[in-house]
Amino acid sequence: MAYADCFTLLPLILIAGTSIVVMLAIAFKRNHALAAGLTVAGLVVAFISVLAVTPYAPRHVTALLIIDRYALFFMGVTIASAVAIAMLAYPYFDKHAGHREELYVLLLIATLGCTVLVASSHLASFFLGLETLSVSLYAMIGYLKDRKSLEAGIKYLVLAAASSAFLLFGMALIYADLGTMELARMVDLSIMTSTPALLISGIVLIITGIGFKLGVVPFHLWTPDVYEGAPAPVTAFIATVSKVAIFALLLRFVYQPGLHQYRAVFLVWVIIAVASMIAGNVLALLQTNVKRILAYSSIAHFGYMLVAFLARGSMAVEAVTFYLVAYTVTTLGAFGVVTLLSTSGRDADTLDEYRGLFWRRPLVAGIFTLMLLSLAGIPATMGFLGKFYVLAAGASAAQWSLVIILGMTSTIGLFYYLRILVVLYSEAPERETPTQPVVPASGLVLAVLSALLVWFGLYPAPLQDMIQRNGVLAVAGSPAPELDKLSQHIDSGAAAARNTRLPTMHSSK
Amino acid sequence: MILVWLIVIPLVAGILAWLTARWSTQFPRWISLAAMALDLIISLAVWIRSGTTVGAGATTVWLAEVDSSWVPRFGIHFHLAIDGLSLLMLVLTFFLGIMSVLCSWTEIGEKIGFFHFNLMWMLAGIAGVFLALDLFLFYFAWELMLIPMYFLIAIWGHERRIYAAIKFLLFTQLSGLLMLIAILALFFMHHQATGVFTFQYGDLLGTPLSSRAEFWIMLGFIIAFAVKLPVVPLHSWLPDAHSQASTAGSVILAGLLLKTGAYGLLRFVVPLFPNGAHEFTPVALVLGVIGIIYGAVMAFAQTDLKRLVAYTSVSHMGFVLLGIFSWNAFGLQGAVMSMICHGLSTGSLFILVGALQERIHTRDMDRMGGLWTTVPRFSGAALFFALASLGLPGLGDFVGEFLVLLGSYQLSVGITVVAAFGILASTFYALRMVQRVFHGENTQHWQLPDLSPREAFIVAPMIIALLWLGLYPQPVFNTFAPAMQNLERLANLPAVALQKR
Numbered sequence: 000m001a002y003a004d005c006f007t008l009l010p011l012i013l014i015a016g017t018s019i020v021v022m023l024a025i026a027f028k029r030n031h032a033l034a035a036g037l038t039v040a041g042l043v044v045a046f047i048s049v050l051a052v053t054p055y056a057p058r059h060v061t062a063l064l065i066i067d068r069y070a071l072f073f074m075g076v077t078i079a080s081a082v083a084i085a086m087l088a089y090p091y092f093d094k095h096a097g098h099r100e101e102l103y104v105l106l107l108i109a110t111l112g113c114t115v116l117v118a119s120s121h122l123a124s125f126f127l128g129l130e131t132l133s134v135s136l137y138a139m140i141g142y143l144k145d146r147k148s149l150e151a152g153i154k155y156l157v158l159a160a161a162s163s164a165f166l167l168f169g170m171a172l173i174y175a176d177l178g179t180m181e182l183a184r185m186v187d188l189s190i191m192t193s194t195p196a197l198l199i200s201g202i203v204l205i206i207t208g209i210g211f212k213l214g215v216v217p218f219h220l221w222t223p224d225v226y227e228g229a230p231a232p233v234t235a236f237i238a239t240v241s242k243v244a245i246f247a248l249l250l251r252f253v254y255q256p257g258l259h260q261y262r263a264v265f266l267v268w269v270i271i272a273v274a275s276m277i278a279g280n281v282l283a284l285l286q287t288n289v290k291r292i293l294a295y296s297s298i299a300h301f302g303y304m305l306v307a308f309l310a311r312g313s314m315a316v317e318a319v320t321f322y323l324v325a326y327t328v329t330t331l332g333a334f335g336v337v338t339l340l341s342t343s344g345r346d347a348d349t350l351d352e353y354r355g356l357f358w359r360r361p362l363v364a365g366i367f368t369l370m371l372l373s374l375a376g377i378p379a380t381m382g383f384l385g386k387f388y389v390l391a392a393g394a395s396a397a398q399w400s401l402v403i404i405l406g407m408t409s410t411i412g413l414f415y416y417l418r419i420l421v422v423l424y425s426e427a428p429e430r431e432t433p434t435q436p437v438v439p440a441s442g443l444v445l446a447v448l449s450a451l452l453v454w455f456g457l458y459p460a461p462l463q464d465m466i467q468r469n470g471v472l473a474v475a476g477s478p479a480p481e482l483d484k485l486s487q488h489i490d491s492g493a494a495a496a497r498n499t500r501l502p503t504m505h506s507s508k
Numbered sequence: 000m001i002l003v004w005l006i007v008i009p010l011v012a013g014i015l016a017w018l019t020a021r022w023s024t025q026f027p028r029w030i031s032l033a034a035m036a037l038d039l040i041i042s043l044a045v046w047i048r049s050g051t052t053v054g055a056g057a058t059t060v061w062l063a064e065v066d067s068s069w070v071p072r073f074g075i076h077f078h079l080a081i082d083g084l085s086l087l088m089l090v091l092t093f094f095l096g097i098m099s100v101l102c103s104w105t106e107i108g109e110k111i112g113f114f115h116f117n118l119m120w121m122l123a124g125i126a127g128v129f130l131a132l133d134l135f136l137f138y139f140a141w142e143l144m145l146i147p148m149y150f151l152i153a154i155w156g157h158e159r160r161i162y163a164a165i166k167f168l169l170f171t172q173l174s175g176l177l178m179l180i181a182i183l184a185l186f187f188m189h190h191q192a193t194g195v196f197t198f199q200y201g202d203l204l205g206t207p208l209s210s211r212a213e214f215w216i217m218l219g220f221i222i223a224f225a226v227k228l229p230v231v232p233l234h235s236w237l238p239d240a241h242s243q244a245s246t247a248g249s250v251i252l253a254g255l256l257l258k259t260g261a262y263g264l265l266r267f268v269v270p271l272f273p274n275g276a277h278e279f280t281p282v283a284l285v286l287g288v289i290g291i292i293y294g295a296v297m298a299f300a301q302t303d304l305k306r307l308v309a310y311t312s313v314s315h316m317g318f319v320l321l322g323i324f325s326w327n328a329f330g331l332q333g334a335v336m337s338m339i340c341h342g343l344s345t346g347s348l349f350i351l352v353g354a355l356q357e358r359i360h361t362r363d364m365d366r367m368g369g370l371w372t373t374v375p376r377f378s379g380a381a382l383f384f385a386l387a388s389l390g391l392p393g394l395g396d397f398v399g400e401f402l403v404l405l406g407s408y409q410l411s412v413g414i415t416v417v418a419a420f421g422i423l424a425s426t427f428y429a430l431r432m433v434q435r436v437f438h439g440e441n442t443q444h445w446q447l448p449d450l451s452p453r454e455a456f457i458v459a460p461m462i463i464a465l466l467w468l469g470l471y472p473q474p475v476f477n478t479f480a481p482a483m484q485n486l487e488r489l490a491n492l493p494a495v496a497l498q499k500r
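Chains as they are written, first to last, in numbering that gives the first Met the number 0: chain A, 0 to 508; chain B, 0 to 500.
Calculated from the structure, these hints are not laboratory results.
The beta-carbon is built from N, C-alpha and C at its ideal position, and this holds for glycine as well.
Hints are not guaranteed to be accurate.
Here's a subset of chain A near chain B, in silico, CB distances under 8 Å, partners left out [said to hold, decoys possible]:
1. PHE165
2. ILE377
3. ALA391
4. ALA394
5. ILE403
6. SER409
7. PHE414
8. LEU417
9. LEU423
10. ALA427
11. ALA460
Here's a subset of chain A near chain B, in silico, CB distances under 10 Å, partners left out [stated by the list, open to error]:
12. PHE126
13. PHE265
14. SER395
15. ARG468
16. ASN469
DEER-style ranges, computed between Cβ atoms [claimed, not checked]:
17. B:THR302 x A:GLU426: 22 to 30 Å
18. A:ARG359 x B:PRO207: 55 to 63 Å
19. B:MET0 x A:ALA183: 52 to 60 Å
20. B:ILE463 x A:VAL447: 46 to 54 Å
21. A:ALA160 x B:ILE14: 48 to 56 Å
Excised from the complex, chain A in its bound form:
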């Protein structure tokens, strides 16, 4: 492996190295602050290395990884989020009676898995990254070793293992059909294949695996339980870093080989998107637990992102990327507030604990309000622009039914965000609840997240420029399908009989 290859892999190497350093540090001296400090420092250095590597992108490092600007952009997002989570986790676990330091090792390894995922250009590295992520997550979810935490950990373990099996089977089918597992080579081969049924079955099985990790309907059943059972900072990690990395991979996996042009694949995603939007929002209405509400809301949000994803073309990638960033900032902020109000003994997750919070702790409640408004897509927040982007992407592909379903369901979504808001601003209970002071680290994280939320909500141009420069993915096939062809395609059932592929496939050749 050449020196240049090693250099472009620097972010990955640094994260892996940090995990070893933290592990060794624990072996010599068990100190919570030291472990957390090393973790944050290592991640920050890794983040800087991402910036340093950027000029040398794109570069293939073996057949497994591609370090392009797209991968680096998402590495930046995941590493920055991991920093925020490490800083939020420190005060949370500080009171924890058991061993606290190993969490950071797990956090680093999970982050490493995510960075591999976003850079993978091969089904093997896809699987390796995913398993690195998942195995660390099992331990992180069950970290508190109380009943709820362990139950969530086991549940995730069993279901994730099953989904991995689907994933592997799908990869095997694709390999059997095409004889390659490289995403880039699949483009050419998939056109010549004589047995598209095998290929499509493989893709659909992989979709099952990805869908499980994203927690989209109908693979969502683990989401609320794991969100509820996992320690709050770990929930934040699952909700943001891991899902963002997998969605980034999904875009690459589907767009680069042009798999979105198969009608069956398209339809499967349409069904998943609609089901996620409806089920996520409706089921959230029935919850009284804040973490569960946020779980269902994340299901719905991935439904929205799928609407943009289905719009295809460069606009879709841009919209999804913007939405992912907005979603990450907002969700981190929301779980940051939950983490702030919790201790490792007990998470502040029932709605009652938030009653009248605004009149007791106006700043914390104010930040939570901002995050909820952003999740609901109210203007002056990033969430609004994200929703705008998604709607714009949907509208640009003339997918009116999806766009209207998005509008309707997000109004349902507003209802349960409002329920939390109502509680936040209602009369404070008589009994005085003890409030622990805000630790500077978490305070800083929340302040930065709120500032980002409003700044990019009001003036998104810098972020848009960055996404346009870095986040653009080479999309196989035509950029945006012709509107009339697409509407024909969606409207008429006859299209199914015509061909398994969209007409645009041929125009790309």
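Once you've looked at the hints, dock chain B against the given chain A.
Just chain B, lined up with the frame of chain A:
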């Protein structure tokens, strides 16, 4: 720049009011009052200056304009502009803004800082709606004014405030999202036709659309505006929101928020979709008349005083809808006149009802009666506004409704006849209200303080303004006439363009 100040001043005042509340409960009130007064002075200055510029054959209808790029990726501009129509709406906004600060002076005793923060930010949002000439910016302001309103209802409202607040927000949000989708559809269709990405009002005018697309896009806009106005099948949030909100909330809801719906129809729906609007006219006229009659009948049946006044709004807004969709000089003048006068007369009625509720802690008319003997000045003022509301000649509302009827007469005699019955019905509910509350026997033996100097100070300018608008409305007509002619011209443009093609 002056237009940016109109929005920035309340935003800053809101933050200041929130921050200073910890030192004194008086600070937020005075800060808000000063901000509104400042904005009112600025807008009046623009108005006075406009008398000299517009009259002399001006080349543009925009009295002032600000335009700078905001989100270049989508061609979104921060584009504010003011014409006669926006100007009148802004003057009304800041005038009622002062009144709503004054009328909450004693009513709001808790969480004063946060109350004024919401009040100011909502007024800034409303000002933004009346000023925005970029469709994205318009939607931005449109949504921004809802959240503070939600808080105003949900925190400082009456007994069923949460229910009312959520209902209000869900209705307006859903309809708002439909409008956003419609805006995006228009945006992309414009791009398809011209290759330009733009949300600018001026550019989007005259976008060639197939009649089917035009109809659906227009419907998205109309639903959003019809919910706000409200048009009858979409009105059910209104009685709850109005009756549960605190006085300032009701005043702003009735006086300003409903006007944003009418403003949207005037500014956007008809000029952007002239053919669609033409097709929609029969439906709109029928819905307007249904609103007039339905609102009046429902108002007659209420025992809750605030709900009664709320239903009168439904009835009055029916006239506005009728006037707008008549789309001739009389109808438009009448619609704008009705919007202004309804803001003043209904706003005042809400202020008086709120003041009464502060005194006797009920809105139930069954528990009132014979109040004239104990609060004569108060009752006199209430009678005045009730008369204004029922359309007594010599007061502003009469001018507006009369002109609307003149306008709609040119389209349909039948519709006009039924609408005229609405005026008759308004006499019933207004006089019944006055009779039940202020006349008859004082069964509950109320002994109440009469109008305080502060309340008199609120009521007096309202009375003067209504008398002025009723007796000498010409300056107002002169102000918005160029704007109206411009809108009519814009609405006719694409039709010509299509014929050429």
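Verification of the supplied hints:
Annotation: interface hint on A:PHE165 violated; nearest CB of chain B at approximately 36 Å, more than 8 Å. The restraint placing A:ILE377 at the interface with chain B holds, with a minimum CB-CB distance near 6 Å, inside the 8 Å limit. Hint status for A:ALA391: holds, given a least beta-carbon distance of 5 Å to chain B, under 8 Å. About 4 Å separates the beta-carbon of A:ALA394 from the nearest beta-carbon of chain B, less than 8 Å, and the hint is met.
Taking 8 Å as the C-beta contact cut-off toward chain B, the hint placing A:ILE403 at the interface holds, the least distance being around 7 Å. A cut of 8 Å between beta carbons decides the hint on A:SER409: the least distance to chain B is about 7 Å, and the hint holds. A distance limit of 8 Å between C-beta atoms decides the matter here; for A:PHE414 the minimum to chain B is near 6 Å, and the interface restraint holds. Annotation: A:LEU417 was flagged as interfacial toward chain B, and the flag holds, the nearest CB pair being 6 Å apart, inside 8 Å.
For A:LEU423, the interface hint is violated, the least distance from its beta-carbon to any beta-carbon of chain B being 11 Å, above 8 Å. With a cut of 8 Å, the hint placing A:ALA427 at the interface with chain B is violated, because the nearest CB-to-CB distance is about 11 Å. The closest approach between the C-beta of A:ALA460 and any C-beta of chain B is roughly 6 Å, which is under the 8 Å cut-off, so the hint is satisfied. Using the Cβ-Cβ criterion of 10 Å, the hint placing A:PHE126 at the interface with chain B is not satisfied: the shortest such distance is roughly 36 Å.
A cut of 10 Å between beta carbons decides the hint on A:PHE265: the least distance to chain B is about 20 Å, and the hint is violated. The interface hint given for A:SER395 is met, as the beta carbon of that residue sits about 5 Å from the closest beta carbon of chain B, less than 10 Å. Because the smallest distance between the Cβ of A:ARG468 and any Cβ of chain B comes to about 12 Å, over 10 Å, the interface hint for this residue is violated. About 15 Å separates the beta-carbon of A:ASN469 from the nearest beta-carbon of chain B, more than 10 Å, and the hint is not met.
In this structure the hint that B:THR302 and A:GLU426 lie 22 to 30 Å apart at CB holds, the actual value being about 29 Å. Taken as a hint, the range 55 to 63 Å holds for the pair A:ARG359 and B:PRO207, whose Cβ atoms sit roughly 57 Å apart. Range check, B:MET0 to A:ALA183: Cβ separation about 54 Å, and the 52 to 60 Å hint holds. Judged by the Cβ atoms, the range 46 to 54 Å given for B:ILE463 and A:VAL447 holds: they are separated by roughly 53 Å.
Between A:ALA160 and B:ILE14 the beta carbons are some 52 Å apart, a value that agrees with the proposed interval 48 to 56 Å.
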